[in-house]
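Chains A and B are the protein sequences, given in the same order. Per numbering that gives the first Met the number 0, the first sequence starts with residue 0, numbered consecutively. Per numbering that gives the first Met the number 0, the second sequence starts with residue 0, numbered consecutively.
Some clues are possibly wrong.
[To be verified] If you only want the chain B side, here are some residues facing chain A, beta carbon under 10 Å, derived:
id: 1; residue: 57
id: 2; residue: 61
id: 3; residue: 77
id: 4; residue: 83
id: 5; residue: 85
id: 6; residue: 92
id: 7; residue: 93
id: 8; residue: 97
id: 9; residue: 131
id: 10; residue: 154
[Unchecked claim] Computed footprint of chain B on chain A; a stretch qualifies when at least three of its residues, placed anywhere within it, have a C-beta under 8 Å from a C-beta of chain B:
id: 11; region: 134 to 146
id: 12; region: 151 to 163
id: 13; region: 190 to 202
id: 14; region: 205 to 216
Read the hints as simulated data drawn from the structure, not as lab findings. The structure presented is a predicted model; accordingly, all values stated were derived computationally and were not measured. Virtual Cβ for every residue (Gly too), placed ideally from N, Cα, C.
Chain by chain, the residues:
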Amino acid sequence: MNLQFFLSLICGIFIGGTAGYLGTLMLAKRMALVAGPLGHLTLPGIALALIYGFDVSLGAFPFVILGIVLIWLFEMRTKLPIEALTAIVFASGVAIAFLFLPIEQAEMALIGDITKVSLREAIITAILCFLVFFIVKKIYPQITLINISEDIAKAEKINVKKYNFLYLGAIAVIVALGVKMVGGLLTAALVAIPVCAARNLSKNLFQYTLLATSFGIISAFLGILIFELTGFPAGPLIILTSAFFFLISLIFKKR
Amino acid sequence: MLSFFNMNNNSNSILKVKNLNVKLDGEEVIKDLSFEVKEGNVLTILGPNGAGKTVFLKTLLGVLPYQGEIKWARGVKIGYVPQRLPFIKDIPMSVSEFFKLKGAWQEETKEILNLVGLRENFLNKKIGELSSGQFQRILVAWALVKNPNVLLFDEPTTGIDIGGEETIYTLLAKLKEKRNLTILLVTHDLSVVYKFSNFVVCLNKCPICQGKPKEVLTLEVLQKLYGEEVKFYKHHRH
Chain A
0 MNLQFFLSLI CGIFIGGTAG YLGTLMLAKR MALVAGPLGH LTLPGIALAL
50 IYGFDVSLGA FPFVILGIVL IWLFEMRTKL PIEALTAIVF ASGVAIAFLF
100 LPIEQAEMAL IGDITKVSLR EAIITAILCF LVFFIVKKIY PQITLINISE
150 DIAKAEKINV KKYNFLYLGA IAVIVALGVK MVGGLLTAAL VAIPVCAARN
200 LSKNLFQYTL LATSFGIISA FLGILIFELT GFPAGPLIIL TSAFFFLISL
250 IFKKR
Chain B
0 MLSFFNMNNN SNSILKVKNL NVKLDGEEVI KDLSFEVKEG NVLTILGPNG
50 AGKTVFLKTL LGVLPYQGEI KWARGVKIGY VPQRLPFIKD IPMSVSEFFK
100 LKGAWQEETK EILNLVGLRE NFLNKKIGEL SSGQFQRILV AWALVKNPNV
150 LLFDEPTTGI DIGGEETIYT LLAKLKEKRN LTILLVTHDL SVVYKFSNFV
200 VCLNKCPICQ GKPKEVLTLE VLQKLYGEEV KFYKHHRH
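Excised from the complex, chain B in its bound form (with noise of 0.2 Å):
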């Protein structure tokens, strides 16, 4: 269903889409998205809830049915981290378990694991026992199998503490740069988009605005965006 193009050496796309346009249950969810994501950039779909995000994550992945094109560089290897898996605690399964349903192997997974702060010992533990914390980053090691250079991440609790000094933010930019990775990052957070992303594409249903987030992100596109209530919209720095 997903189509595929050559990557020529003077344009380094990864993802082109074209008119993009998603209809679920007859409803327009997506309508007319155009964009393109370069390789090694970090792109954030920002928008309100129900927005069509998730949906549009979807799309890309091929999961969805869609109008358009889509259209990804080939040798594009995609790991996917979805929002959350709630059927997943029905089933009593080690952490290694979760990793061979995806044909990693211990040694594979030992070293993913290492990536992303978690020991050894997480082998052998109940996926049903992690804390929030530790399942996502579990989520996170589990799209980095098979080593691909793409990685979809599904709106990360912003709020979570996955442990130690590091937000979930920290431990993709460093993933970004060990790993060679381009992200498309959804999320409703504007001060992720402003601390980690290059480049911005503005979703509720229609695409209201893109580019790069200092440039775009005007007091004018965010209450587009939101609503007239956006009174802050200046990133602070902590």
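Chain A with its partners taken away, still in its complex shape (with noise of 0.2 Å):
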């Protein structure tokens, strides 16, 4: 096996798992919209590392940093619901890549590329990944109560602020890292794909998460497998892996 295609996969399964992970909080409230335009607004940012050649993910984490304070922002000074702003959002970031993006570079903006990293982002990668994990598992309990209603939350003396807090950084981290893997356009498919698959089949939360989680890394994993195989692009044969998966689970669905 050759080094490239490990590296490729390492980061392909951290960055699947934990999106899956971290999804199944997302999907609960509708925030699995929000990191579709979370991931286009991404785009500049991308196009900005490609220009001056750094990395992808960090040219793009500012940007979903942006895309949080905007949304937020929205949301307090107008009644419109979030997707509409969202969607705002997501059309401008686009506009202003291609104001700019050189065409013959637009192909790695939109469905990335992970068959090419390095050692270095490798490890970091990998490292950002677990830390974020963690973090999720941490606050786990606390945003489900918050998902469920902010009333009991803060009834339970939750710090609500705090913790939507290490939640969106912890959803920026997962974003700026998946356009690396699958590009601006379909990073909202990693932490929802997975996580809808996962609801189908479970009955509690242990088979929710254990089966979102799973199937985000089994997704990366076949993808770029086939990539190897085959020299289909690695983005979009993940997404479309997991695609497979969730009409697997319809099947199974109870009900």
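Could you use the hints to bring the two separately framed chains together as a complex?
Shown next as structure tokens:
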């Protein structure tokens, strides 16, 4: 097995698994929809990274943060539903990116490329994913309660702002890492599709988180493997693999 | 945000509310409300829909900003039963996992489930698959975790069949005795007030009356509270 393939697998498995786990929190209250526009908004950042030759995730990260702040501000200022606001942010992100992104590099920005990661990138990715996983595990009960009802969470003396901050931080890191793997267009799928498949099959939180994490890992693994065999781009293959799992889950879904 | 006072022996007050004003988005929802709750009382907050009852409970919980005074007795532990939890069915979660979110372990959960008349086999049931009556019991049970001495209860659906002979109110009455609870209950259902509570606060943004239900709930008061069309007001015994 060559080293490059191995490094891609490591990155894919870590990002895919962590995104699946984090996604289980995001599916409630439609946060998974928010990941889409956040991914799209990273496109200008990716464009800058490609033009000046630095790490794509590094370019994406400040734009995710900007996106979160914007969505949060819009939500405070207007009564529009958050989905509508994210659509505004999303379209603007794509538009800005294509003002100056060289068209020959558009593919990388849109659908990602995990098959050229360096050893250093792989190590940093693994460490960041590990950190995010640990933080999400820590805040899981609190965020779940906040998802169920903010009033209940506040009545339980949970510091809602603090936990939301950590939660959004975790989302930002995963989106920034995700764009490297599947590109700005497809990032939302990383936190949504494995989770939807898992929800179809789960009776409780334990199964739900375990299955979502597993589907994320297996999709990344198979997607990169199929790339190695066929040469089709890895990002779309990863997403299609998880979509396939979703279809299978529909067959086994009870009721 | 909430303040506390030391209980002394001659007054067994558990909650003192004084000149409470609540504004949401610039609109006055509760105006100049004052009352006291004694330990062991069942207080109902009665009012039509949109009278600010739920807002009032949330204010007591310390979730909403307010002006005036809300003082709880020191050592009070509050359990809160919300009206609905619409998002909970989006999450695949077993009953025991729901209780674990509040820090209750298996044994405590079993004990509380028994108390509200649910058997142990409910531990592994999926929340989304419970009937509305079972879910209502689960919410009451959840509020009882960590042994609260005050229960805030937001508008239990009166029509709901929670199973067996029991209504949600006979269940609450039973729990009150067993756990020595003080209960604050929000409702728009008059019969509940007569059957179940010993103190009532009528609220339609402004406070309209307060006192013992049979003494203060006159036709005149009820018309003021619900509008002119109230004709029937005396409680029928079933």
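Hint-by-hint comparison with the structure:
1. 57: holds, 6 Å
2. 61: Check passed: Cβ of residue 61 of chain B comes within 7 Å of chain A, closer than 10 Å.
3. 77: Holds, because the Cβ-Cβ distance from residue 77 of chain B to chain A comes to roughly 7 Å (cut-off 10 Å).
4. 83: holds, 9 Å
5. 85: holds, 9 Å
6. 92: holds, 5 Å
7. 93: holds, 4 Å
8. 97: holds, 9 Å
9. 131: violated, 17 Å
10. 154: This hint is violated: residue 154 of chain B lies away from chain A, its Cβ roughly 14 Å from the closest one there, beyond 10 Å.
11. 134 to 146: holds (count 4)
12. 151 to 163: Since 4 is at least three, the answer is holds.
13. 190 to 202: holds (count 3)
14. 205 to 216: holds (count 3)
Consistency with the previously given hints fails for numbers 9 and 10, ordered from lowest to highest.
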